[in-house]
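Given the sequences, and given the hints that come with them, work out the whole structure.
Line by line, the protein sequences are chains A and B.
In this text, residue positions in the first sequence follow the numbering used here: the first is 22, and each later residue adds one.
In this text, residue positions in the second sequence follow the numbering used here: the first is 1157, and each later residue adds one.
Derived from the structure by calculation, the hints contain no laboratory data.
Take the hints with a grain of salt, since some may be wrong.
[Stated by the list, open to error] Quick list of the computed label-pair ranges, beta carbon to beta carbon:
#1 41/A - 1229/B: 41 to 49 Å
#2 1266/B - 105/A: 53 to 61 Å
#3 1376/B - 35/A: 50 to 58 Å
#4 106/A - 1304/B: 46 to 54 Å
#5 103/A - 1175/B: 46 to 54 Å
#6 143/A - 1380/B: 55 to 63 Å
#7 136/A - 1266/B: 42 to 50 Å
Cβ coordinates follow ideal geometry from the N, Cα and C atoms, glycine included.
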Amino acid sequence: MIALLRRDLSLAVRAGGGFGLGVAFFLILCALVPFGVGPETSALQPIAAGILWLGALLACLLSLDRIFALDHEDGSLDLLATSPLPLEGAVAVKAVAHWITTGLPLIVAAPLFGILLHLPGAAIPSLLVSLLLGTPALSMLGAFGAAVTVGLRRGGLLLSLLVLPLYIPTLIFGTEMIRRGQDGGDTATPLLFLAGITAGVLALVPFAAAAALRVNLR
Amino acid sequence: MSIWEYANPVKFMRTSGAVLPWVVAGAAVCTVTGLAWGFLTPEDYRQGSTVKIVFLHVPAAMMAINVWVMMLVASLIWLIRRHHVSALAAKAAAPVGAVMTVIGLVTGAVWGQPMWGTWWEWDPRLTSFLILLLFYLGYIALWSAVEDPDSAADLTSVLCLVGSVFALLSRYAVLFWNQGLHQGASLSVQSGERMSAVYRYPLYLTMLGFGLLFLSLLLVRTRTEIRRRRLAALQAREMRA
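Okay, structure coming up:
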């Protein structure tokens, strides 16, 4: 599993753009928002939490189809399926690799972009914690979507249609947590919900994703 | 005699063909009389004539949820026992469910405009119905995107299972996110909550009618799917010959 993780990470780094593109997309999105809604603090501050989460979510979505597509093309996915490592484990490792290459850079960059959007400093800790807890669920659900659509020729758009509704609960609790952090409210409830969703997703979705992969490899 | 006998397409076709006219007739009678009766009910003292939308709105919304549950059960049967009729029934049900969801949303909007003063409000119930519609669309899109019918049935079944969990999760997550305008249940078995009998009986009748309507559409569409599958099999045989 560790070897697979290392392989995926080095592939993502050496292929170029693995780390960079997601963050660049995130930056562009955050830079475009003020043009759309106006540069005033009063306009940006109430929506900053939502924009940051949406940006992270869309940046994550962009790179989802790469989780399995390249391995499916060159046949290494078939090798993975026949290897002694259970396919569920392989799926989980690939989701972790996706999270490290896209989720983690987003989390590091998010406070900076929060300042761009006039997010108050008091909300930064809850921004970091909510992204840290929420993005692994995004990667894992994305791996499920990628597993379902891996064999399809027009999979990209379908992937977004399938995955985005699954992101709704994470998005709700993530933004709610930042909003409460911003107002100085109690962040424990959304925090617990977010952690619960992520834990449940990490535990159960690999099975669904592996089942979908087995169908597609048949 | 067990229910699994109907997993045999020939047996299913014979039985459903015999039952279908009766179900269609029942659906027509219940829906038409229910709606006509509902139309002739007196006006509500607060809601005026808009109260009559309930006879379309509530049955459609009820079916929108029940169709998804039926698809979930059919998907489970397909995954566990691999009966093709079950997978085809789930496929046939999805567009009907999506249309029911749209009817629920549109009639709600038409009612909400004079009553709440807005076509749309990000109310938990409305929002979760919109999410349900998204799940239906994703499910239908996946069916049409996968070419091999067995793979399509497998993938959509897995999607239906995961989607059910998340549809339910979203249903309660949106409660947390926004407090609603939508009134609570007007009919509830547990709490004994009831609307006036004048509206209740026609509503029961339209609910029954929509249930039968769904059943007849489901049977027709499943029969079409089975025929389409047979046609494809015949064509494949001819290509080989």
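- Task: Could you say whether the range 41 to 49 Å given as a hint is met by the Cβ separation of residue 41/A and residue 1229/B?
- Result: 46 Å, holds
Satisfaction of the hinted span 46 to 54 Å by the C-beta atoms belonging to residue 106/A and residue 1304/B = Because 27 Å falls outside the window, the suggested range is violated.
Requested in this report: With 55 to 63 Å as the target window, see if residue 143/A and residue 1380/B comply at their CB atoms.
Outcome: This hint holds: roughly 60 Å between Cβ atoms.
Q.
Taking the Cβ atom of residue 1376/B and the Cβ atom of residue 35/A, is their distance within the range 50 to 58 Å?
A. 56 Å, holds
### Task
With 53 to 61 Å as the target window, see if residue 1266/B and residue 105/A comply at their CB atoms.
Check passed, 60 Å falls within 53 to 61 Å.
Is it true that residue 103/A and residue 1175/B lie within 46 to 54 Å of each other by Cβ? Since residue 103/A and residue 1175/B have Cβ atoms about 47 Å apart, the given range 46 to 54 Å holds.
Does the Cβ pair residue 136/A, residue 1266/B satisfy 42 to 50 Å? 45 Å, holds
Hint check: a violation occurs at hint 4 only; the rest are consistent with the structure.
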